[in-house]
Amino acid sequence: MTIDQFLLMKNEILLIAIAVIVLIIDLMTDNKKILFPVMIILFIFTTVIGFIYQTDGELFGGMYRSTPLINMMKNILNTGVLIILLQSAGWLINKAENHENIGGFCFILISSLAGMCFMISSGDFLMFYLGLELATIPIAALVAYEKMKFLSAEAGTKFILSAVLSSGILLYGISILYGTNGSILFKDLNNSVEITNLQALAFIFILSGIAFKISLVPFHLWTADVYEGAPVNITSFLSSISKAASVFILLILLFTVFINFSEIWNELLVYLSILTMTIGNLFAIRQQNLKRFLAFSSIAQAGFIPLGFIGGTSLGASTVLYFLLIYVFSNLGAFGVVSVVTSATGKESMNDYNGFYKTNRGLSIVMMLSLFSLAGIPPVAGFFSKFFLFTIAAKQGYYFLLFIAVINATISLYYYLLVVKAMFINENEQPIEKITSDVYAKLGLAICVLGIVFTGLFGIIFDYINTLSKGI
Amino acid sequence: MIDINYYLLTSAVLFSIGVAGVLIRRNAIVIFMCIELMLNSINLTLVAFSAFLGSISGQIFVFIVMTVAAAEAAVGLAIVIALFRNKESVNIDEINILKW
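Chains as they are written, first to last, in this note's numbering: chain A, 1 to 472; chain B, 1001 to 1100.
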């Protein structure tokens, strides 16, 4: 094994190196504030390396593989986590009770990201399961991070119990698949998987385990509770990065291992998609807590993703990637504003945002752009990604699904505009005072706004992803 | 040699008992025990298949599953302790502040 081959894993190696460096600095110094800028610089370095240095190949007898498309997925995740780290600076540095734990927070967050990267580039089910658990268990620790708050501990309990149950069910599916095919390597399974009752059962188990992580209805019941109880930045991590990583691995599994099952999963995903969009939207309408509202909106958004899977085309794969890239930017933009407001004032209710524009122009404009992008209003990027997804479904002739999706996009417009109306039109005698956010949060929001505005306008980005998706 | 179907049947029954336990029992610690039962029944399936097929990867998988189960239990019990400090209870019927 040569150095060249190890460099295939550059992203994971760099992430683990950062995690270890963070721990060492945390032990060596008493001034914890030094830690944060160092880590941000290292993380930016990792993200940039990911974009520059493309890799292609496989390691350990096919257990680990890396293709340009997988690289792109990792780049999306890295960018998202960079934004989240920047946004959580205010919460970590300004709050006295979090001071001691900056190192721990960053270490756990980065290990979870490393787990997701391993999961995405796994070439067999052993690696996949390990990556999945390495991604999930740290998130449980992060959800319960504010250990003196009851809500956080409650959310943590709910998360770990349901996460472990779902990964157990997934593992049972894997064991049946292993028994019926005699191998756990994706490339062996690709040829030998066929539709028998037992293997269909295994497929359903695996699909429901992953659907739980994406929180597709009916596997969504944990979502709103956990999102509300967790610290805001962890909620944004769960709702964008963790969801995106699970969608990526679902994409890889469906398009490689279960390609022979495509009749079954086309049908299943149509129903899952319809249920998820509709139920997510209906519950989002009646929410008053902004975090909970964004939780249900993210469930509804996840319902649009299966539209891109239908038919199993490589164009569909690139559309899903494009949708998630834009979803990460717009969701993190919305959560970024909520995070800034919550850490400054502690207010989360929608009524608190009445008259927000009068006092905080910049923040409310960022919020408006993000919500417009989530709703899919034309000039911003969200419109293009939704439009492309609809095109994929239309090409395959699923007009009924398309009809439901368009209706749901319209319903979602209603509740996104409720928030915009609260910020810009509603009067309030005591609006939230002017908030001066720190440099990190500003940088994070700026990246989100750039992403929202420019990803849609430049067709070259979609074309670039599309050229990569030929070899999944 | 015992027929593989007996192993599979046993592990399927154990798995079902585990899932039923997670859904029915109300004590967080007992729920963790049921999850361990689920994971161990999966281990039994994996080893049985491994012996039946004469392939080694199932046995390797079992080691990984045991390690992961330990990690899960460690984090899970730590969270349950945090919960107990706040509420003096590990009964999941009483953790109901977050609701739709």
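Hints are computed from structural coordinates only; laboratory data are not their basis.
All C-beta atoms, glycine included, are put in the ideal place defined by N, C-alpha and C.
Heads up, a few of these hints could be off.
What the hints assert, rightly or not - Derived Cβ-Cβ restraints for the label pairs, each shown as a range:
| no. | chain 1 | residue 1 | chain 2 | residue 2 | range |
| --- | --- | --- | --- | --- | --- |
| 1 | B | 1060 | A | 365 | 51 to 61 Å |
| 2 | A | 346 | B | 1067 | 34 to 44 Å |
| 3 | A | 439 | B | 1087 | 16 to 26 Å |
What the hints assert, rightly or not - Rough simulated footprint, nothing fancy, chain A against chain B, three-plus residues with beta-carbon under 8 Å:
| no. | stretch |
| --- | --- |
| 4 | 1014-1022 |
| 5 | 1045-1057 |
| 6 | 1062-1070 |
| 7 | 1078-1087 |
Which numbered hints are broken by the structure, listed smallest first? When the structure is compared with the hints, only number 3 turns out to be violated.
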